[in-house]
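Colleague: Below are the chains, spelled out letter by letter.
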Amino acid sequence: MTERSAGGDIAAHPASFRDPAGFLFRRDGVLYRQVRQAGREDYERLMASGLYEALAADGLLVRHEEVSPALAAAPDACRVLKPERIPFVSYPFEWCFGQLRDASLLTLQLMERALDHGMALKDASAINVQFRGPRPVFVDTLSFERYREGRPWVAYRQFCRHFLAPLLLVSDRDPTLGRLSAVFPDGVPLRTASRMLPAASWLRPSRLFHVHMHARSIARHAEPGPGAERARRGRMDERALRGLLSSLQDTVRGLDFDPGGTEWAGYARDHGYGREGLELKKELVGRLLEGCGPGPVWDLGANTGAFSRVAAAAGRDVVALDADPGATELHYRALRGERAPSGPGWTLPLLVDLASPTAAGGWAGRERSSLEDRGPAGVLLALALVHHLAIGSNVPFDLQAEWMARLGRDLLIEFVPREDPQVGRLLVSRADVFPWYGRERFEEAFSARFELRERLPVGSSGRWLYWMRREVERG
Amino acid sequence: MRRTSAPFQSVGPSAGSRRPSRAATRSSGRPGALGVLVAVLVTVALVPTPAHAYIDPASGSLVLQVAAAGVLAALLTMKRIWRTLKGLLPGRQRRDRHEPD
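These protein sequence lines map, in sequence, to chains A and B.
Counting from 4, one number per residue, gives the positions in the first sequence under our numbering.
Counting from 1409, one number per residue, gives the positions in the second sequence under our numbering.
By construction, these hints were calculated from the structure, which means they are not laboratory data.
Given the structure is predicted, the values throughout are model-derived calculations rather than measurements.
Among these hints, one or two may not hold up.
Here are the computed distance ranges between Cβ atoms for each label pair [stated by the list, open to error]:
hint, chain 1, residue 1, chain 2, residue 2, range
1, B, Pro-1498, A, Pro-201, 32 to 42 Å
2, B, Leu-1496, A, Met-50, 34 to 44 Å
3, A, Ala-73, B, Lys-1494, 51 to 61 Å
4, B, Gly-1495, A, Asp-376, 46 to 56 Å
5, A, Gly-395, B, Leu-1496, 53 to 63 Å
6, B, Leu-1493, A, Glu-44, 33 to 43 Å
7, B, Gly-1495, A, Ile-89, 29 to 39 Å
8, A, Ala-77, B, Gly-1495, 47 to 57 Å
Just so you have them, the derived chain B footprint on chain A, three or more residues with Cβ under 8 Å [stated by the list, open to error]:
hint, stretch
9, 21-30
10, 232-240
11, 245-257
Now the stretches of chain A that chain B is said to cover, found in silico as 3 or more residues with beta-carbon under 8 Å [as the list claims (entries may be wrong)]:
hint, stretch
12, 147-160
13, 212-218
14, 222-229
Note that beta-carbon positions come from the ideal geometry of N, C-alpha and C, so glycine has one too.
Please construct the entire structure, taking both the sequences and the accompanying hints into account.
Modeller: Here you go:
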């Protein structure tokens, strides 16, 4: 979808085509937002009412500058905006419980504050929220419209599908169910959520109303008829609308998830090589990072972020990826609780299964980018990871090396020997079909893709830490 | 109009003990739930509103909100009264540890 014009390369953003009020595009690699004539009135109201400035000042809405309309990508532009850059785009199914919870509270807060200024949110898609480090920020400047007295909230169903349903399923049912949003890009259907929630949820007024009754009301009025007519004519005053928002807020605030019970959340305390080993490993990683090239660090298998913190302290931006909802939750909560960040950059924990990393998806398979397409990383940290991929997921060393070579340039990778108790844990209940699992084969496979820069033993643990650099630049 | 009585989450200490939002600090010199109900019924009868949105709001979602409007408004009023009363008492205001700031 790239076309050449007098002003350079213009590429429509593959996920920005639904809202008639405007769309995102890139010109020469820079992201812009075009406001169409259809969105003019609401955009001008957002700016003139003081709502934009109030929200931007509080860090709740992304800032933008108005640039020359000559930069427009299509003829019916009334404004062209250049939004502040979001350093790393993430998707709601990659967020831990706390991230989704904070994003939902941000959305409700924005709707309330919009009402204070005579405006409302016309959509409540979770993708309108992005994270700058651990702070959620609303990124869709064109989601605000004039509030029409008497109208119910048009985005109520979308809010419940995108936020409330997955939050309730994690809180009331199982932590892994946050990943359901990957299957349902427009949010978990309320009927599905209603059927999956425990029977006791029928006795909780918030779940009864926002999920169970909501799902049934949607089903009952799905066909054209008196219900649709009633919906078209139905009115509720502003106080009732604020009552709805307040109820949603109370419901979301009342949800919690105990991250202690998941598989790896206890790993940092129980990794088998003691506090001294951990401190030594941190020191080695910090030292090796100094020699690495620029760019963000991707911490693969970050757990609760012990080594992400080392990278942050070294001044790096960090994307911390882990498949465990509990570990990611603990990492996120720790970052939220920090008074001062450990470095000048940002750290973004995300829930990603490295044995099946996020694929591209959405309309035409291009609306959402794969993990790889959001790279490359400057440095990959792969600490205590290879044995999980090799033995836990049966991925041979050469495939691991090939994948990592596509993700980043510098690689700090740890080899965990067969004798290590952590490897023993992985083999406890299965046949050892990994005769190839050893340091020699590991080095051989990675040397085919990377140039070995340095190799250090991690104390007396039998583990080795390698600094490697990709040999051939990605063409 | 058929009314759905929605027993909402009651206003307990956890709901009322956080920092009041801007909305909550506004004065509540507006008609109560009954007044709202009457006003809604009157306006429903008088003014048709075209529902135009670029996302599908789902008829059933709008119907549910309108049906519960009176209860939602009444509950909000009760919460505000509760918060005002709590505000008069000496004590602390706990901040939600997960809250975006």
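Colleague: Decide, hint by hint, whether the structure agrees.
Modeller: Checked hints:
1. B:Pro-1498 to A:Pro-201: 32 to 42 Å: The hint (32 to 42 Å, Cβ to Cβ) holds, given that B:Pro-1498 and A:Pro-201 are roughly 40 Å apart.
2. B:Leu-1496 to A:Met-50: 34 to 44 Å: holds (39 Å)
3. A:Ala-73 to B:Lys-1494: 51 to 61 Å: holds (56 Å)
4. B:Gly-1495 to A:Asp-376: 46 to 56 Å: holds (51 Å)
5. A:Gly-395 to B:Leu-1496: 53 to 63 Å: holds (58 Å)
6. B:Leu-1493 to A:Glu-44: 33 to 43 Å: holds (42 Å)
7. B:Gly-1495 to A:Ile-89: 29 to 39 Å: holds (38 Å)
8. A:Ala-77 to B:Gly-1495: 47 to 57 Å: holds (52 Å)
9. 21-30: holds (count 4)
10. 232-240: holds (count 8)
11. 245-257: holds (count 9)
12. 147-160: This one holds; 9 residues, not fewer than the three required, reach chain B with a Cβ under 8 Å.
13. 212-218: Coverage by chain B holds for the stretch 212-218 of chain A (3 residues, Cβ < 8 Å).
14. 222-229: holds (count 4)
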